[in-house]
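J.: Single-letter residue listing:
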Amino acid sequence: MTTRRRVVGWLAGTLSLLLAAGTVSAHGGSLAGGGRESITVPTWLFLSTGGAAVGASFLLASFVTDRSFIERIHDWGAPLSVSDSRLPVLGARAVGLAGYVTVLGIGFFGPTTPQTNLAILLVWVGWWAGLAMTTYLIGNTWRLLNPLDTIALALPSLERDYPARVGAWPSVVGLLALIWLEVVSPLADDPRLLATAIVGYSVLTLSGAVVFGRETWFAEADPVERVFRYYGRVAPIGRADSGLRLRLPGMDLSTPRLVDGRDEVAFIVALLWGTTFDGLVTTPAFTDLTTPLVEAGLPPQLLYPIALAAGFGLFLGAYWLAVRLSRRAADTYLDETDLAERFAPPLLAIAAGYHFAHYLGYFLVLAPALWVTLLSPLSDPGAVPVYEPPGWFGSVGIAAVVVGHLVAIWVAHAAAYETFPSRLQAVRSQYPFIAVMVFYTMTSLWVITRPEVSLPYL
Amino acid sequence: MTDDYDVPENAEAHECRYCGRPFAREEWLALHRGLDHPAQLDDDEIAAFRAAHEAEESALGNFRLRALGALVVIYFCLLMIYALV
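Chains A and B, in that order, are what the protein sequence lines are.
Mapping to this note's numbering: the first sequence position 75 is 724, numbers consecutive.
Mapping to this note's numbering: the second sequence position 84 is 902, numbers consecutive.
Quick caveat, the hints were computed from the structure, so don't treat them as lab data.
Computed from a prediction, not measured in an experiment: that's the story for all the values here.
Treat the hints with caution; some may be incorrect.
[Said to hold, decoys possible] Calculated from the model, a selection of chain B residues having no Cβ within reach of chain A, i.e. all distances over 10 Å:
hint : residue
1    : E827
2    : Y836
3    : P856
4    : D862
5    : I864
[To be verified] Listed below are several chain A residues computed to face chain B (Cβ distance under 8 Å; list not exhaustive):
hint : residue
6    : V690
7    : P691
8    : A705
9    : L708
10   : S711
11   : T714
12   : A934
13   : Y982
14   : T986
15   : Q1074
16   : V1076
[Claimed, not checked] Looking from chain B toward chain A, a few residues come up when the C-beta cut is under 8 Å (computed):
hint : residue
17   : A842
18   : H850
19   : E874
20   : I892
Ideal Cβ placement from N, Cα and C applies to all residues, glycine included.
In isolation and in its complexed conformation, chain B is listed as follows (with noise of 0.2 Å):
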């Protein structure tokens, strides 16, 4: 990869030691180094791995519910509406 990146100044980093991509949370750093370069980990690294990815799970969990909420009030407020105009 090729990427440019724009770190603002005093803005807490954490770059990837593989690819040097910074990344402003630590969990998305272990995510990142999972995904793209499995094959290099240390045991530590894949340990926060496994870790970020099961709070990703469970975060994602919450972001369906929320999503099926929308979707579901997306869906009345227009049959409501088609009712009765």
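Okay, chain A solo, but in the shape it has when bound (with noise of 0.2 Å):
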């Protein structure tokens, strides 16, 4: 009893905290479509509130003793019942495929404006932005809508076994190398190379399926399939051993072996680095740093994916470090990789939050045009309504970072809780991976405060 009066006194505390967190980061500029205003309290003073918060909600969480009312959070929610009918898994490959179809037709053959092309909008908002939202809000449908999946199922399969120590890795390098072409080719701009890129793309893939077997190609290496699987565990519907389950959402994220090996590990810190990579490279201080670089004799061409590999290195190297240290402040005899697979998944509730905090603006403002340019896909109406978003918008950004934050760290005290017998042993392993999440913030908020500049070199 006395525990849950403790529990409800310290979540009121939080909420205070963090309208006083939100109030002066909401002066931290827009997140979304890229529109950053300069803050009016000092940057270093924002980067610190931002840590704080971070810090202050890991010490609130540190309050909440009681394992069985950790484990009834988790555990709360219930099975949905699914019908049998084979129809909406029809009707969602159909929905899928005929998305793909739409996207290459009009992108080889549609209008040549990006703003009023609807493979540009269906891309970029409608998936990359809307669907992938809904994955982590409400559940990953692109299990079934994948329509490279649907088209895979009609074509034979080699079956040839798939490299078990190649893993994840694919998937990892796949993930950067899409980064990378998102960020130095004008993929959101024009049409016929966004439809050729997904040619290129779709050709890999199909091969891949034919060679190792469709199920699991797209278990292990293709990315895309993977960042939508991994956006599904954070969200309140997700899959059960028997058929759909409802849960708070996040909770899933502290389920022992949701993560196996390095390279999975690796695929979460390279999804969250890719979210800050995006806007790292339109910093001022990007163009600082890589300007006496190219000038001493760097090839521009080089820059972009050796910066990718050495943020992407160094965000994962500290977290190997981070877990390193934490194996040492728990004074604990399970491996590093095993304690590198408990903690990797909370991080996954950062990026989710991050990813929302970029897109939901950049969806709204251009959802109008998606449904104009639906509607006549292959007239150029020249132009396309947008959705003016309101002044405060900015701090819904800031609040998903926050919520996305408040998340992973409850769901990593549960996971603590669970890994280790002493409750005090589980808090203390959590002090690194707190640090280590206060870098992360600290660098994204960073990122949203500079002005955006062009990117140099390109």
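Please assemble the complex out of the two chains, which come individually in their own frames, going by the hints.
T.: Here it is, written out as structure tokens:
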């Protein structure tokens, strides 16, 4: 009884602290649509407040020490009844295929203005912003919609053995390659190029599916499928042993064995790093930092892959350093890989929070344009309607970032309780991970407070 | 559980006789037995679990006080800085 009262008290405390942080960071400018404003508090103070909010939420979470209370929260939910009918699956596959054909058709033969081209809008607004948001807010539907999966159903398979040693590494490299391609090439402006890139990706994916078998390829090597699968684990609706299950958002992330192996840990870090890199390259500091390198003779084409790989290495290195320190702080005999696997999934909640912050505004602004072009895909209306978000909209993005961190901290707290028999040991094991989260948060907040400049050397 | 363990040489390890998981401290083993194998324990192990649990509770009480102190410090530091900046 006292525990519950204590919990309620601390929740109230968290809220007031968050409100304080919210009003401060509301000046931080809008995350959405790339329009960044200058802030009224000094940057160092804004960053420290963000970092302190993460640290304080960890302290608040550590006050919840009742194991059965934590378990009740994590087990809360209900199985959802699913009809045995094949119709929804077939319908989803048909919708996915129709979308795929539309994107390729309009991409190659539609209008060339990006704002009125259905292929551009469908891929970036409908799919990468809209569908991805529904994936972590509701549940993962990409598994059924994925048109390449549907096409692969009809193809023969050689069923070669997928090398177990390779694991998820192709998807890590694939994800970094996609991020690189998205940043350096005008994929969001040139419908022909976008359609060509999709054809290239499809050929690669389908050949992989033919050689190694459809299920193996999409489970292991395909980066897009993996992004959606991982985002789907944040969602309240997920797959359980028998059919679908409803639970509190994010609570699935504390399940043991959700992530298996160093390759899958690397994928989660790559997902998190990707959202940061996107913004980082448009900061003036990136231009300042890279100008001497290029002047010293570094080929500009190599600049972006190197920066992408170096930053990924830094993020991954920070995570593994935290794992090593956590192992020492908790004085445990579990090996490093085990710890890394246990505490990587909470980072997905942070990645989802950043994705939401980045893309909600983008989605809302362009959703009317998507609707209009959907009605008349081949004609070029010249101008399309866009939605003008209100002034307070920037704080929605900040709130999403904060909520992502809160969920991550809570889930990591629960995972630590499940891993360690002593509750103090569990709390101690989290210190290094909290430091890493503070580092990730401050990096991302720093990026969004910088003015946006055009990409250098492109 | 199929966890992997990495016990350093010369390190003291208390192994769980039900699942083989090693622990650095005896009271953690006692807590582990009570939490993960509650139905199999003998009387001594139950007593050890109770004792370890009580010791843990009082240590947690200390921790809460320190965490509360840290929160207050964070809160007032930020408050002062915002008042000055």
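J.: Hint A:T714 vs chain B: min CB-CB distance below 8 Å?
T.: Interface hint status for A:T714: holds (5 Å vs cutoff 8 Å).
J.: Regarding the assertion that B:E827 does not contact chain A, is the least Cβ-Cβ distance greater than 10 Å?
T.: Check passes; 12 Å lies beyond 10 Å.
J.: Hold the hint about B:I892 up to the distance rule: shortest CB distance to chain A must be less than 8 Å.
T.: Interface hint status for B:I892: holds (5 Å vs cutoff 8 Å).
J.: Quick check on the hint: A:A934 CB to chain B CB, less than 8 Å?
T.: Violated. Min distance 23 Å.
J.: Do the numbers back the hint for A:L708, that is, is its least Cβ distance to chain B under 8 Å?
T.: holds (5 Å)
J.: For B:P856, is the shortest beta carbon distance to chain A beyond 10 Å?
T.: holds (12 Å)
J.: Compute the least Cβ-Cβ separation between B:D862 and chain A, then decide whether it is above 10 Å.
T.: holds (17 Å)
J.: Less than 8 Å between beta-carbons is the criterion; does B:A842 satisfy it with respect to chain A?
T.: holds (5 Å)
J.: Quick check on A:S711 please, does its C-beta sit within 8 Å of some C-beta on chain B?
T.: Holds - the Cβ of A:S711 comes within 8 Å of chain B, reaching about 6 Å at its closest.
J.: Have a go at the A:Y982 hint: is there a Cβ in chain B nearer than 8 Å to its own Cβ?
T.: holds (5 Å)
J.: Hey, does the A:A705 contact hint survive, CB to chain B under 8 Å?
T.: Holds, about 5 Å.
J.: Using Cβ atoms only, decide whether B:H850 comes closer than 8 Å to chain A, and label the hint accordingly.
T.: holds (4 Å)
The structure fails hint 12 only (numbered hints given earlier).
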